[in-house]
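Student: Listed here are the chains, written in short residue letters.
There are 4 protein chains.
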Amino acid sequence: MGEVAFSSGISNGSVNNGVNGQSHSLNGYRKSCWYEEEIEEDLRWCFALNSILHTGASQYQDIALLDTKPFGKALVIVGKLQSAETDEFIYHECLVHPALLHHPNPKNVFIMGGGEGSTARELLRHKTIDKVLMCDIDEEAVNFCKSYLVVNKEAFCDLRLEVIINDARGELEAREENYDVIVGDLADPIDGGPCYKLYTKSFYEFTVKPKLKQGGIFVTQAGPAGIFSHKEVFSCIYNTLRQVFKYVVPYSAHIPSHADIWGWVMASDSPIDLSAEELDLRMKQRILGENRYLDGKTFSSSSTLSKTVRNSLDNETHVYTEEAARFIHGHGKHA
Amino acid sequence: MGEVAFSSGISNGSVNNGVNGQSHSLNGYRKSCWYEEEIEEDLRWCFALNSILHTGASQYQDIALLDTKPFGKALVIVGKLQSAETDEFIYHECLVHPALLHHPNPKNVFIMGGGEGSTARELLRHKTIDKVLMCDIDEEAVNFCKSYLVVNKEAFCDLRLEVIINDARGELEAREENYDVIVGDLADPIDGGPCYKLYTKSFYEFTVKPKLKQGGIFVTQAGPAGIFSHKEVFSCIYNTLRQVFKYVVPYSAHIPSHADIWGWVMASDSPIDLSAEELDLRMKQRILGENRYLDGKTFSSSSTLSKTVRNSLDNETHVYTEEAARFIHGHGKHA
Amino acid sequence: MGEVAFSSGISNGSVNNGVNGQSHSLNGYRKSCWYEEEIEEDLRWCFALNSILHTGASQYQDIALLDTKPFGKALVIVGKLQSAETDEFIYHECLVHPALLHHPNPKNVFIMGGGEGSTARELLRHKTIDKVLMCDIDEEAVNFCKSYLVVNKEAFCDLRLEVIINDARGELEAREENYDVIVGDLADPIDGGPCYKLYTKSFYEFTVKPKLKQGGIFVTQAGPAGIFSHKEVFSCIYNTLRQVFKYVVPYSAHIPSHADIWGWVMASDSPIDLSAEELDLRMKQRILGENRYLDGKTFSSSSTLSKTVRNSLDNETHVYTEEAARFIHGHGKHA
Amino acid sequence: MGEVAFSSGISNGSVNNGVNGQSHSLNGYRKSCWYEEEIEEDLRWCFALNSILHTGASQYQDIALLDTKPFGKALVIVGKLQSAETDEFIYHECLVHPALLHHPNPKNVFIMGGGEGSTARELLRHKTIDKVLMCDIDEEAVNFCKSYLVVNKEAFCDLRLEVIINDARGELEAREENYDVIVGDLADPIDGGPCYKLYTKSFYEFTVKPKLKQGGIFVTQAGPAGIFSHKEVFSCIYNTLRQVFKYVVPYSAHIPSHADIWGWVMASDSPIDLSAEELDLRMKQRILGENRYLDGKTFSSSSTLSKTVRNSLDNETHVYTEEAARFIHGHGKHA
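Residue numbers (our numbering), protein chains in the order written: chain A, 4 to 338; chain B, 4 to 338; chain C, 4 to 338; chain D, 4 to 338.
Where hints are given, some of them may not hold.
No distinction is drawn between identical chains; accordingly, a pair holds when it is met within one copy or between any pair of copies.
Here are the simulated DMTMM-like cross-link-like pairs (lysine to aspartate or glutamate), alpha carbons at most 25 Å apart as the crow flies [claimed, not checked]: (1) K216 with E176; (2) K234 with D298; (3) K300 with E319; (4) K300 with D276; (5) K72 with E179; (6) K287 with D317.
Hint data in this document are derived by calculation from the structure and do not stem from the laboratory.
Using the sequences and the hints, build the whole thing.
Tutor: Shown next, in the form of structure tokens:
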């Protein structure tokens with residue numbers, strides 16, 4: 004006990020002022036500052052910090068931009084990592100490109116959520132795109148990202164992007180136009196959570212599907228898809244979508260900063276079944292710049308789920324409905 | 004596994020985007036960032052962070068100013084907490100006032116180290132003071148503190164203060180004048196450490212003592228003084244000083260941010276034995292403003308050590324010498 | 004990311020199987036296991052673990068005996084450190100001996116709580132003692148301590164000790180005998196907490212005081228007494244007791260495993276004012292074995308509080324009453 | 004500071020003795036104990052502990068069996084998680100079954116390392132197997148696993164398994180028989196590490212390959228294979244093997260307890276290219292019981308690496324050689 008080094012301020016001629024004479028590396032103090040995420044009550048994931056760049060709060064949530072050693076700049080909302088500089092490209096390439104590539108000629112896209120701007124950034128790389136509508140409810144959070152996420156500056160300035168502050172359902176229903184692709188970039192469908200209604204069968208059936216043009220594709224992030232975590236929401240989102248659409252394709256990828264596999268689901272009434280080679284060809288023709296993560300083979304691997312996950316998805320019976328939501332309380336465990 | 008909440012940026016209409024629907028307090032994310040100090044290899048002390056205010060590096064050491072929740076702004080050097088806003092007054096009042104009050108009329112003071120500025124600040128509260136020399140070897144660190152420690156701004160501007168960038172021993176020996184009080188505000192005397200030589204018997208005998216005026220008092224910080232930690236350096240500093248000076252007074256106080264009791268030792272060839280009442284009287288007469296921690300009774304309690312510590316000090320036989328230093332290696336354990 | 008070392012079990016010829024070739028000390032893995040206490044929401048205190056010796060649960064609480072590296076065996080109840088092998092003697096010597104020594108001839112003692120057994124152990128060292136009643140409400144917890152706390156085995160077997168499982172108030176009121184000393188070894192008086200009623204003015208006035216013999220002394224643990232923590236309960240316990248007793252003596256000591264100063268209060272209608280010398284003399288005459296922490300001078304220092312704490316106690320106006328308790332909710336902040 | 008709850012042992016009638024009246028769940032204290040792994044210097048992965056079941060030490064390394072909340076029983080060697088109850092099946096099914104299934108009729112297998120027993124367990128599920136030789140250098144570690152890993156008890160008792168305590172290279176070279184499959188279940192090839200020599204081109208060329216029968220297959224674990232971690236050793240093991248064998252197949256899978264993707268490489272001079280359907284068929288015919296993770300499609304996905312990793316493997320030029328090893332020091336960075 005008590006080997007606290009203390010030297011009232013700056014030591015005289017001191018390189019090392021540890022009481023025990025232990026040598027500290029010159030930037031040892033940096034590793035003294037940590038971001039700690041409670042992934043579960045009994046599981047933590049901790050990143051050494053360089054600095055706390057910005058903190059802010061909206062009417063909905065607290066938000067912070069941290070500079071972490073292992074994953075670069077990290078956007079944290081209400082104590083949960085949303086997106087990290089070094090690997091957000093995996094999430095956003097997976098969310099955006101498979102749907103746009105499977106579409107013959109995507110011109111206009113509606114993003115539900117997506118205020119970080121990265122989803123829009125990936126969409127705007129497609130030469131076919133005329134118009135992207137991003138509809139996020141949290142104005143302060145959108146402004147926070149606009150101001151601080153340098154990587155999305157250009158996207159936020161792109162004239163093809165329109166940012167709307169509104170509830171996604173209301174906005175979708177109010178607008179008359181239909182879309183080639185609708186992208187769900189929302190929080191997970193926790194019962195009682197804010198986004199639950201945007202994952203239900205009736206929302207998909209009566210709001211999303213009617214707003215897709217002929218041959219249109221809906222794609223949504225679908226929560227963790229790991230061997231232990233895919234039953235939380237991934238399998239139910241998949242099962243809900245296959246009640247509504249003819250073709251439904253689940254896929255997943257590992258996101259290191261999230262310490263898990265992540266999942267997405269595409270859905271359409273037109274077939275979604277391009278070969279790896281065709282995907283590669285379309286990428287070359289349509290996408291500006293080179294993808295860092297996704298190509299044809301990667302998508303082919305991503306959309307071939309492991310035995311365990313595949314079986315769970317096949318056998319999933321739960322469907323998200325507004326009614327179900329009404330009767331389920333507590334921690335949002337849905338089955 | 005895998006209940007990572009992820010919503011590619013800002014959720015739509017989301018106050019709570021945790022996968023489990025667990026409610027986070029609105030400033031929950033702040034408690035996700037921690038400063039962690041390894042007090043010993045098997046003991047850690049962790050403060051929630053508001054922000055990392057400034058970081059810098061000198062030729063000697065890395066330095067950071069953190070904004071911590073439990074202890075306010077904290078100065079951290081090479082991964083070790085040096086001083087925290089909410090309780091540095093305890094350390095600095097204890098270092099400075101007992102020696103100055105026991106001196107009949109202290110006019111000029113030499114500080115070895117002290118670059119943080121707080122020691123100077125407390126000294127300059129004494130109306131009798133004409134001149135304070137602060138001699139610290141680390142110019143960048145002094146500049147860092149000058150720039151960022153608002154609480155010491157006034158002290159750094161006081162015309163009675165002269166800041167010298169040099170090795171304390173060289174400076175003391177080079178100067179011709181003598182001092183009423185010499186204050187040691189240095190890192191602990193770890194064998195092989197940078198300050199070891201400034202705690203040896205020969206340094207005290209041949210450098211410090213000759214530079215004290217008649218009736219002069221030397222005081223030094225003396226490391227942790229807790230029931231388990233006082234043998235690290237406190238008892239040896241005490242024992243070394245009593246080889247050189249006629250009167251030696253050890254005392255200690257709890258510093259919450261250091262999770263331990265801290266120690267100081269005063270030494271002189273004139274008696275150091277004022278009553279609590281006399282100390283209180285001199286405080287009123289000589290010190291501008293009111294002490295937050297120290298008064299006569301507090302000093303009387305502080306200088307009455309507990310049985311365990313008293314016995315260790317009485318029985319300590321180790322004396323810091325340059326010779327000893329040469330033969331002791333490793334972790335600086337001196338006995 | 005991902006430098007996880009993994010070698011499906013036992014490596015072949017491997018002393019070091021870290022991916023980065025970092026050398027681990029041979030018992031490095033031990034420091035991988037930690038006990039972490041949230042002292043406050045924004046302050047943590049963490050001990051490396053050797054092992055988790057025993058865990059149990061009573062109808063009232065969970066209980067565990069951990070083997071920690073920095074503080075030896077540690078008793079943890081509901082996630083809070085109660086007592087650690089290496090320094091519990093400080094707490095228990097301070098709780099027991101000042102009251103017994105100030106009493107001219109203590110023969111019978113009532114302990115409210117104290118199921119750990121250490122309070123009884125210290126009491127039974129007094130040669131004058133005929134009878135100790137320990138009244139704790141939690142039978143399983145008492146049995147847990149009886150079984151596992153080797154240091155108190157002898158005390159639990161002492162024929163002068165009677166252990167009663169009951170509520171302390173009910174037991175005190177039901178019994179006809181009076182006591183030389185009553186010891187409060189209970190959880191802190193949190194509003195709404197289980198022990199609140201055992202810290203109120205009316206309890207002291209109508210239950211405790213009438214059960215003390217002529218010249219009897221009451222002593223109670225009084226919560227943290229550090230410069231930042233003494234207003235939580237220490238100052239209020241002190242103030243409540245001085246409403247009821249003529250002589251009230253607060254004192255405190257640093258307990259390293261608790262990362263804070265701890266407080267106790269003695270109260271009596273007879274004067275409590277022995278000199279350090281008289282205390283030392285009585286210790287020699289009456290106590291078997293030697294104290295490790297407490298002697299006359301230590302008590303004199305302990306009962307001379309620092310300026311800050313002394314002023315708070317002098318100025319405290321809050322009195323614990325059952326009425327107050329009824330109207331105060333939430334986090335138990337009592338003022 | 005200082006809201007430490009303390010009640011000298013068992014509180015009286017206390018369910019909650021936190022100073023702040025914060026309610027702790029009844030098993031709150033369990034979450035106070037954590038296993039913490041430093042995945043990298045700036046990245047930590049922490050599991051709540053139920054208990055520390057066994058600890059031991061061999062001449063080579065320290066070893067512990069922990070009971071963790073998120074991943075069940077976990078084998079930890081020198082501070083690094085080796086294998087966790089809930090997901091070791093992923094690692095061991097991936098290590099063993101692809102090689103055995105691609106072999107037309109595997110009868111005898113040599114395991115380098117593998118002392119945990121799980122690799123043998125999976126091998127022994129194959130009906131074709133006559134003989135498994137497990138050659139591990141650490142006898143105490145093997146005995147530790149034999150005693151405590153209940154899941155492998157049966158395998159350790161199987162008469163077809165022979166456990167040899169020796170260096171794998173020496174053993175392979177000393178024995179006259181050849182093998183259908185050789186399995187490398189060793190620590191990663193860190194320069195200067197104990198297993199480096201068992202990953203070099205010359206070892207593969209002059210020791211492994213000559214000991215494979217006609218049509219024989221070599222398979223080895225190949226370290227982390229995540230998007231950020233695959234260049235540590237995975238790409239080099241792949242590249243080294245393709246210098247020696249005609250057909251080399253790298254594949255990978257996510258292991259949640261390791262917070263990363265893991266990699267393996269198969270190599271042979273006979274083609275390795277069964278379809279998913281053929282693999283499924285052979286599994287049914289040859290393997291007792293059902294795989295939990297691996298089937299034909301899963302292997303097909305596992306062996307289709309993502310764009311990033313595929314490109315790195317294609318472009319890798321480093322080859323592990325004994326010479327290289329001799330000249331590379333320090334942290335085992337191999338390029």
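Student: Next, verify each hint and record whether it holds.
Tutor: Hints, one by one, checked against the model:
| no. | hint | in the structure |
| --- | --- | --- |
| 1 | K216 with E176 | within (14 Å within a copy, 68 Å between copies) |
| 2 | K234 with D298 | between (27 Å within a copy, 20 Å between copies) |
| 3 | K300 with E319 | between (27 Å within a copy, 20 Å between copies) |
| 4 | K300 with D276 | both (13 Å within a copy, 17 Å between copies) |
| 5 | K72 with E179 | neither (46 Å within a copy, 51 Å between copies) |
| 6 | K287 with D317 | between (34 Å within a copy, 21 Å between copies) |
The structure fails hint 5 only (numbered hints given earlier).
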